[in-house]
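Residue numbers (my numbering), protein chains in the order written: chain A, 1 to 222; chain B, 1001 to 1222.
In short, the hints are calculated from the structure, not lab data.
Mixed in with the good hints there might be a few duds.
To be verified - Only part of the chain B face toward chain A is listed, based on derived beta-carbon distances under 10 Å:
no. : residue
1   : S1082
2   : M1114
3   : S1117
4   : T1124
5   : N1125
6   : S1133
7   : V1135
8   : L1138
9   : L1167
To be verified - Some, not all, of what chain A presents toward chain B, calculated at C-beta under 10 Å:
no. : residue
10  : T58
11  : I66
12  : F90
13  : E126
14  : G130
15  : H131
16  : W137
17  : D140
18  : V208
19  : A212
20  : E214
Said to hold, decoys possible - Calculated from the model, a selection of chain A residues having no Cβ within reach of chain B, i.e. all distances over 10 Å:
no. : residue
21  : T22
22  : L36
23  : S168
Don't be surprised by glycine CBs; every beta carbon is placed ideally from N, CA and C.
Protein chains: 2
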Amino acid sequence: MELKEFFPFWKTLTPDQQARMTASARAYTAKKGEVLHRGQADCLGLVCVQSGVLRAYTISDEGREITLYRLYQRDVCLFSASCAMRAVDFDIFIEADQESLLWIIPPEVYRQLMEQSAPAANFTNELMAGHFSDVMWLLDQVLNKKLDARLAAFLLEAADRENSDSLSLTHEAVAGELGSAREVISRMMKYLQSEGMVAVSRGCVQLVDRAALEQLAGDSLR
Amino acid sequence: MELKEFFPFWKTLTPDQQARMTASARAYTAKKGEVLHRGQADCLGLVCVQSGVLRAYTISDEGREITLYRLYQRDVCLFSASCAMRAVDFDIFIEADQESLLWIIPPEVYRQLMEQSAPAANFTNELMAGHFSDVMWLLDQVLNKKLDARLAAFLLEAADRENSDSLSLTHEAVAGELGSAREVISRMMKYLQSEGMVAVSRGCVQLVDRAALEQLAGDSLR
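Can you make the complete structure from the sequences, with help from the hints?
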């Protein structure tokens, strides 16, 4: 993927700004499991995912990791350039979930661009708002810790019932079963999928990691 | 407080932009307990706190409140203008904790300003990063800290805010603040009381042993 494809505001930049971005960006292949960014101590730069998957997470005092969100092809990772932004006062870690081909733009180049270009600054804003939304969703889950456990329990039950780990189920139908809304179930399914517990395709849910689902369901059974 | 005092980038604006902001801003006095903004359905505008305190919170499906952050004098509230930003996909509620004098700027005026002015867009960015940091801290609290330490920290904070060791607080309200359930808080209060740290009576909590509370809170305050 070309660098400019990541930035919807590319055409609003001056030729100089475009040239600076292009000249400073380097292509990098991250190995599976490679940790690219370790909190505020690091400042790798803005990372654009050409292919592969990155995972953003935090680590508790006790060393427990919690996944905040994942970045897929076409996504831009903001917090690996957190030193380019003021008021970012928390530690995020970024790891390659798979071998990933990236563009990396140095933080000072991106900071300068944001200072010069309102479209660039507003794009940054939008990225942050998207990540913020992910974290708010996660907070809600953690606080209300029910639907994820209930969904896992429901899927395990259904698999037992059907005697198959491959379930023919629409999100609408699951929402009906759990007294929730379709969009809520879709988002939760996406989360379970990103955690490698299920594989979702049109009208079908495949149980991939039964042990993890059982552990998750345990919360609601206790 | 004058409007321009809230915006460190004020001098970078054109006279036209300044005039538009000034002409569109209205002073508003929110009563104690008044809910100013109810999630994505509302879009009040950018709110600047001249005096008083605003509380930003979310509400779970079960109607449980959790406080995300508070806004004091000189603070600017971004999410009451969430419709002015793309990719904000969560519901925040804003309530006046005390009678508060505000400036309110219509969302479309602020959105236009962000589109025109890189300094305004970067300021918005900084506000969002600040709120993001608050929420990340909260997530960490919820995930990792013990409720007893959080409750102690909360009581000490409230006492500082009210400038009194005698707090008018229901267990319900405390549960809302800490993202817990009333029964859980009641039980924990009973524990703190049995340890001689507080004295609890109907709708009132008295801080009895500040030193012990501070030691307990130490875990979460660090």
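Tested hints:
A distance limit of 10 Å between C-beta atoms decides the matter here; for B:S1082 the minimum to chain A is near 8 Å, and the interface restraint holds. For B:M1114, the shortest C-beta to C-beta distance to chain A is roughly 6 Å, which falls under 10 Å, so the interface hint holds. Checking B:S1117 against chain A by beta carbon gives a least distance of about 6 Å; that is within 10 Å, so the hint holds. A hinted interface residue such as B:T1124 counts as satisfied when its beta carbon comes closer than 10 Å to some beta carbon of chain A; here the least separation is about 6 Å, so the hint holds.
Hint status for B:N1125: holds, given a least beta-carbon distance of 5 Å to chain A, under 10 Å. Checking B:S1133 against chain A by beta carbon gives a least distance of about 4 Å; that is within 10 Å, so the hint holds. Because the beta carbon of B:V1135 sits about 6 Å from the nearest beta carbon in chain A, less than 10 Å, this interface hint is met. For B:L1138, the interface hint holds, the least distance from its beta-carbon to any beta-carbon of chain A being 7 Å, beneath 10 Å.
About 23 Å separates the beta-carbon of B:L1167 from the nearest beta-carbon of chain A, more than 10 Å, and the hint is not met. For A:T58, the shortest C-beta to C-beta distance to chain B is roughly 7 Å, which falls under 10 Å, so the interface hint holds. With a cut of 10 Å, the hint placing A:I66 at the interface with chain B holds, because the nearest CB-to-CB distance is about 6 Å. For A:F90, the shortest C-beta to C-beta distance to chain B is roughly 4 Å, which falls under 10 Å, so the interface hint holds.
Hint status for A:E126 relative to chain B: holds, with the closest Cβ pair at about 5 Å, below 10 Å. Here the hint on A:G130 is kept, as its CB sits about 4 Å from the closest CB of chain B, short of 10 Å. Look at A:H131: its Cβ gets to within about 8 Å of chain B, closer than 10 Å, so that hint holds up. Annotation: interface hint on A:W137 holds; nearest CB of chain B at approximately 7 Å, less than 10 Å.
The criterion of a C-beta within 10 Å of any C-beta in chain B is met by A:D140, whose closest approach is roughly 6 Å, and the hint holds. Against a cut-off of 10 Å between C-beta atoms, the interface hint on A:V208 is violated, since the closest Cβ of chain B lies about 25 Å away. Proximity of A:A212 to chain B is violated relative to the hint, the smallest CB-CB distance being about 18 Å (cut-off 10 Å). Interface hint at A:E214: violated, since its Cβ lies 21 Å from the closest Cβ of chain B, which is beyond the 10 Å cut-off.
With a closest Cβ-Cβ approach of about 21 Å to chain B, A:T22 is found to remain outside the 10 Å limit, as its non-interface label requires. In this structure A:L36 is separated from chain B by more than 10 Å, as the shortest Cβ-Cβ distance comes to about 19 Å. Once the 10 Å rule is applied to beta carbons, A:S168 is consistent with being away from chain B; the minimum gap is 27 Å.
Hint compliance for this structure: hints 9, 18, 19, 20 are broken, all remaining hints hold.
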